[in-house]
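Colleague: Given the sequences, and given the hints that come with them, work out the whole structure.
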Amino acid sequence: MSRLHVVSGKGGTGKTTVAAALALALATEGRRTLLVEVEGRQGIAQVFETEALPYEERKIAVAPGPDGAAAGDAARGGRRPGEVHALAIDAERALLDYLQMFYKLGSAGRALKKLGAIDFATTIAPGLRDVLLTGKACEAVRRKDKQGRYVYDAVVMDAPPTGRITRFLNVNDEVAGLAKMGPIHNQAQAVMRVLKSPETAVHMVTLLEEMPVQETADGIAELRAAGLPVGGVVINMTRPAVLGTGDLDIAARGARAGVAKALSQAGLGGARRGGLAERLIDPLLEQAREHAERVDLERAEHAELTALGLPTYELELLPEGVDLAGLYRLARELRRQGPI
Amino acid sequence: MTADDPTLDAPAPWLEVDALLDDPGTRIVVCCGSGGVGKTTTAAALGVRAAERGRRAVVLTIDPARRLAQSMGISELDNVPRQVKGVDGAAGGELHAMMLDMKRTFDEIVEGHADAARARAILDNPFYQSLSAGFAGTQEYMAMEKLGQLRARDEWDLIIVDTPPSRSALDFLDAPKRLGSFLDGKFIRVLMAPAKVGGRAGMKFLNVGMSMMTGTLSKLMGGQLLRDVQTFVAAMDTMFGGFRTRADATYRLLQAPGTAFLVVAAPERDALREAAYFVERLAAERMPLAGLVLNRVHGSGAAKLSAERALAAAETLTDRAAEEDGPDACAGSAPGEAENLAPDGIVDHGDGKAASGTADGPSPAPAAPAGHPPVSAEQLAAGLLRLHAERMQVLARERRTRDRFTALHPEVPVAEIAALPGDVHDLDGLRLIGARLALDPTHTDTSD
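Chains as they are written, first to last, in the working numbering: chain R, -9 to 330; chain C, 9 to 456.
Hint data in this document are derived by calculation from the structure and do not stem from the laboratory. It cannot be assumed that every hint is accurate.
Straight-line alpha carbon distances no greater than 30 Å define the calculated DSSO-like cross-link-like pairs of lysine-lysine that follow [stated by the list, open to error]:
(1) R:K136 x R:K49
(2) R:K186 x R:K170
(3) R:K186 x C:K111
(4) R:K251 x C:K312
(5) R:K170 x C:K111
(6) R:K186 x R:K49
(7) R:K49 x R:K134
(8) C:K111 x C:K93
(9) R:K170 x R:K136
On a predicted model such as this, the values are computed, not experimentally measured, just so you know.
Modeller: Written out as structure tokens, the structure is:
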């Protein structure tokens, strides 16, 4: 079982939501998960409907029991409820921590900051920022308590989008190549060992649309080429098909009168030519044609995803958007389709 | 905030895209917005429309979908604008397009500003190679750099820019300044070794501090990386002032009256929230915002029939079919439909249908498997009605999110692009999007 779940996907596919749902899904039966955010967008806070997260690990949600029982029930049953903790990693703070930890740089660290060195390191220096972000996540993965147990059963990372994910994760390799010795080199190597191990799984979130599917396929090829462990594909925001092309063919082939009659019988006006029900048919059929076209496209995209040969998970579109209740529903759904 | 507050009820002003494109004063259009909202496609569609209306336009795309790039003939990453074939030049316009090559752009700056030997030294430096291959900020900086170059060439009377898929939509405004101020800043001088800063007596203490600093840096980065960085910095020395100047010049170009920002968003909560941030940020930076492009907006030709009525009618029809044919006939047609017979299932697609759509394996949808028995007119009508109800719910949701944006920013003109069922990857599709974008919303059929 992987312990570091990296969730990527094209922009707009809902990767933050999926990462949050996954962290909840993995936090059953008293497990504890950490959800980390690396892009400074405060997306996690928005999904969990709380105030902005500081650079500090804090409990953000309690997971329901495996059978959907409320946390209280699980506790009465003798099991601890699961917990989701969250952390918004800030590269600058991570660097200062890191300097503090290894070099006891109190005032020198501040001086570096004044000079713009921290800015340089966290925003411009090749990959340093990414080393710090992935490094912090890997540290959480490997952290143990006094009894030698892992502090977090799983760490879920809301990672950069597909286009940048391989470079983001592989940046340690790049940095290790640039800095051929020294602490940065060693740190980069250590992080890379975790990222390339079976402990890590990189999941892709996609929609059943052409561009996200294409990017998913490209992204997976890149990850594989870089030797990074690919996990599953989460197909997000799927919509049920109400009518298929076959039905529409029937409609086009003269079922019109029958449909008009049916609409009329359902109380939607006259079925005769020019009647209210009859006038509804064209716009309704037009919508149905668009729907069928979309269903066909989705089916083709789905086949392409299946051909990738990876485990897939599907999450239905929540028509009213994802509120907290919706998030728990998605988590249940992931668990039902799991293990992820 | 009462319902008859005029600022809440007034529709957003209409963003007249054709007027914007036709105005010879418009020299730069920047399409920005969060990821996945269709920025690149919108930029390309604007380019096609502007060219066919007589402008000499160039579209600078950052990371286009492969097939979109192919349709414009720019699948090669060679950093040079190429004329797009198939664009109607009857009005005297033409369209060029290019895809940004970050590294190439950076290399060109180096080659253009240093003598051959120095340029070689920089290009071969490992630190430079990583920096130019696209770490944080480089793409944004290079996009703006390229924009400045295209503008300076003055070959086109309209430049349309797509913005990079950044961490946040605001990055491309910040990154050039950040990179510029770094390359121009104090830290560089520290790296340039203490000797350069020292000399003046009053700076002695600083000198000591600096060598301590380089010592720390050396410990941290490893001596060899520090040396690479120092060589890089030394070689780039003459260009640093240039970077800052160029970043500032591009920034001023963006503020100039000939520039128009279009914020692209999908009518979804998150995208519009980002759009609102963006609008506020542009105002704070005194950047000229032309308006909001709302992409993939749904309409209906039968908007008078409400979702509730459509669902009620569908239910009536399904009940009737069930009475006439017995329960089996209906259950046999399509599992998704059968589940909808449960009274709640129609309204709530969330649970029941997820189960049927996902648990059965690869098929994304239970509808119309090959050879499934033909549906009756009632079932067909019920299906049409359910689809319509779904569409009306989407419409209502989109309207709510849009209204929320409009309430916050009533002054921002809005143009809408009616949703297409599939993706666009040819010139005809881009033309269609352009036409939809230019459509006056008060003349569309969504109002009745």
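Colleague: Checking against the hints above, which ones are violated?
Modeller: 9
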